[in-house]
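K.L.:
Single-letter residue listing:
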Amino acid sequence: MAVPPPDASAAVRKPREERESVVIRFAGDSGDGMQVAGMQFTNESALAGNDLSTLPDFPAEIRAPAGTLAGVSGFQLNFSSREVFTPGDDLDVLVAMNPAALKMNVGDLKPNGILIVDKEQFNEQNLKKAGAAANPLEDGSLAAYQLFCVDITKLTATTLRDTNLPARTVNRCKNFFALGVVSWLFQRPIEATENWIDQRFKKQPDLAAANKRVLRAGYNFGDTTEIFASAFEIKPARIAPGKYRNITGNTALAIGFVAAAQQAGRPLFLGSYPITPASDILHELATFKNFNVVTFQAEDEIAGVGSALGAAFGGAIAITTTSGPGMCLKAETINLAVSVELPLVICDIQRGGPSTGLPTKTEQADLLMAMYGRNSDSPVPIIAPSTPADCFFAALDAVRLAVKYMTPVIVLSDGYLANGAEPWLIPKVSDLPQFPVTFRTDPVGFFPYLRDEQTLSRPWVVPGTPNLEHRIGGLEKEYLSGNVSYVPSNHEQMVRVRARKIAGMVADIPPAEVQGPTSGDLLVVGWGSTYGAIAAAVKQAQEEGKSVSQLHLRYLNPLPANLGEVLKRFKKILVPEMNMGQLVRLLRAEYLVDAIGLNKIQGLPFKVSEITNRINRMLEARN
Amino acid sequence: MSTVAAPSKQQRKDYVTDQDVRWCPGCGDYAILAQVQKVMPELGVPRENIVFISGIGCSSRFPYYMNTYGFHSIHGRAPAIASGLKVARPDLSVWVVTGDGDGLSIGGNHLIHILRRNINVNILLFNNRIYGLTKGQYSPTSEQGKVTKSTPIGSPDYPFNPLSVALGTDATFVARTIDVEAKHLQETIRRAHEHQGTSFIEILQDYNLFNDGAFAGLTEKDTKAETQLVLEQGKPRIFGKNRDKGIRMSGGKLEVVGLSGGYSETDLVQHDETDPHLAFLLSTLPPAAFPTPVGVLRCVERTPYDEIVAEQMRKAVETQGPGDLATLLNRGDTWVVS
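Residue numbers (the working numbering), protein chains in the order written: chain W, 1 to 623; chain S, 624 to 961.
Hints may be right or wrong, so weigh each one.
[What the hints assert, rightly or not] Here are the simulated DSS-like cross-link-like pairs (lysine-lysine), alpha carbons at most 27 angstroms apart as the crow flies:
hint: 1; chain 1: W; residue 1: K289; chain 2: S; residue 2: K938
hint: 2; chain 1: S; residue 1: K938; chain 2: W; residue 2: K202
hint: 3; chain 1: S; residue 1: K661; chain 2: S; residue 2: K847
[Stated by the list, open to error] These stretches of chain W come out as covered by chain S in the derived footprint (C-beta under 8 angstroms, 3 or more residues):
hint: 4; region: 242-249
hint: 5; region: 296-307
hint: 6; region: 504-516
[Claimed, not checked] Some chain S residues well away from chain W (every beta-carbon gap over 12 angstroms; in silico):
hint: 7; residue: T774
hint: 8; residue: I776
hint: 9; residue: A805
hint: 10; residue: A839
hint: 11; residue: T846
hint: 12; residue: K847
hint: 13; residue: V853
hint: 14; residue: L891
hint: 15; residue: P899
hint: 16; residue: L901
hint: 17; residue: F903
It should be emphasised that the hints constitute simulated quantities derived from the structure, not laboratory data. The structure presented is a predicted model; accordingly, all values stated were derived computationally and were not measured. Glycine residues also receive a C-beta, built at the ideal position from the N, C-alpha and C atoms.
Could you put together the complete structure from these sequences and hints?
P.N.:
This is the structure in structure tokens:
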């Protein structure tokens, strides 16, 4: 049977209802392919010209028992004809593939929101696994929503009944039926998904054909059956012209480091130990060997950073990737890098803590550890990307600064940036900064700790350079020669010069830039992945005529030179953070300003509304 | 290790730094330093291509006294740092200097993994069976019951044997030598340098201050012929002042036999550096009943990790072409907004 193409050829077109933006979440068992469905819907929406932002939500268990609450996996997407800052607060649409997915997610669905469920999965067994006393499809508990019961499982099986595929395989195609239905509902082009299926199942053409048929069947089901009265139309967003791709924070970091090493003209060395949510950077970089990238999967976190430091000594662009628990283990080696003054980039993809905490959930509570979590006075520059795509530029920047100032640099990303995605205007290689590395080879007047007058950095001399043999180490060094020294005044001189070097990097970072009026009633200051939620909340307040501005800090050490002056131009300062208040502490200590924290520690990013509410309350209060 | 020939004749003094050597008087470290400085010029490696990396401990001061490139790192981590350096820079001759505390206690994990990976690095483990730098606590090689500052009524710890540990990781070169046996020490270092893969040398070392007589009787002129079993490839295992004793294999165990009492050299096992089982048996000989084996217990060929990595990179470029940044940035689904 020839499947009709999903276009306007249908005899009677259903009406189109225009929407500005939609927040949708696909939720199902972790074996249901919800991440795939979500990512393909994201691609379709990007190709439809919408601006967007995504957030996957994985269970910590790889495969919790099927149908249980612990096994629910979700993927959320906000797509719009306007600028999108976050994956969205509350859901306009929820696709729930089983009772557990419904139970875990329906609380986020807006009243009158669209709820699409796989009816057949609401059987006694699954209801029991989800701990549901009654069938929610029948007990009236979902009356507040537009409920669409679709026989996704059954219709998938019917579509593929003339194939010889085993029932288990057929069942695994059902995510594409759901994707087809939703693709029709929002009038997305599905050709890109079909191409993706062809690529994904290149070696199993029967599976490729089956998934494509199911996708089309879902699309046509939406188009032809009477279950949906109308489809929705979300017009393309007005976004800067150019070539785009979707990118997650982890991918952006990985290719950012490849780019950085190329721009530095040196090989890239990653020493790393697998840890959630940072492992994808290791996986990705392991595929770039033809870019002169070495990935060393070390025996532990300490060897991860240790091997990287060894590679840095040898002249490589050296990086290590980890999350909070790994940062704790790396502290001693980071401090050695501070002492021997070698370039090294440490990426901390923050997650909920303390200890093992919430491996798959996001948090930004490692800022003070990055600042202070090493013995003695040990200044380390810190860069925090603000969006998934910004991770690319953060990687470039971190390497640029590390090699210029001969210092370890910490990049603070988090689980939300790591796995979240957004469209990225692909930069031209010719527009990327270049910072070719030069090693010192001239023995005349050489001292291992002879400092550049401007940057205070010492020369990078790699083994293999004749007549510059020298020794470095973690013992305190004599100011110029680098020989071991216990002289009291020398130690103070060295501690101070190390601090001055990092503080002096302020000359190399842009000044703090306020979004909105540069003075007023309230300044909302953030760092890292809270950017989107703060930007959306501040924009909304500005549109309502409120005196609110935003300042987002990308450089947390050193802080921009003009920051103190900027802060003093506002009557109040609000600092939203996914921690107990870390940046707010730094700002209060550094600038003696009465900054107030807004703290969320749930392993989840801020909702725009949470920040909006606090903005309004602060503006309403007299003092 | 390096294929680049030394440009001119190097001498021992080229390897001496201007730093005062600050080990305790009489420490075995002096003897080891002297021999290493003596051997290095003879290896045919340009001085600038040699790197000494250490951890923390008395032995770890070693790089400061070697006029090569050097890195005095942190406690136990020298193998990790050396691994990264060697993989990033296969052209260098990389040496790790560690001790029984640094290498086997705090750094035990890194030690077993560098040995397992067979990265082309040479490891010198100075074993004095005590913590020297922290002034005399027992180490993982101190005998059980040892009275130290931290174990006033005797250590409850059972020690382990560095050679057995190394052999347990399937290391490709495992040897033992002694600080004061100058010639043997030099020869063992040479062998380690020639070996492609991780070379592990345990250097037994007397430490007069905190552990005097750690290896009593082993090196004294009048007893050492009886207490040392010098291993030589392909030769029967004979020892004794009059070369009158040998090690025989019997019932899967090693035993000492007298060559005058009915046994001849043909009854003895020839030393075979490629036999993992014999190597392990030798490493575990109880000191009271047997002489202490010194020499190369094991030496086998296996492609080093760093060579495999280099080959993978070469192949990647060969099959995929050199990486192109613009292609990388534009990978996957893209779309154009006009």
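K.L.:
So, against the hints stated earlier in the document, which numbers end up violated here?
P.N.:
6
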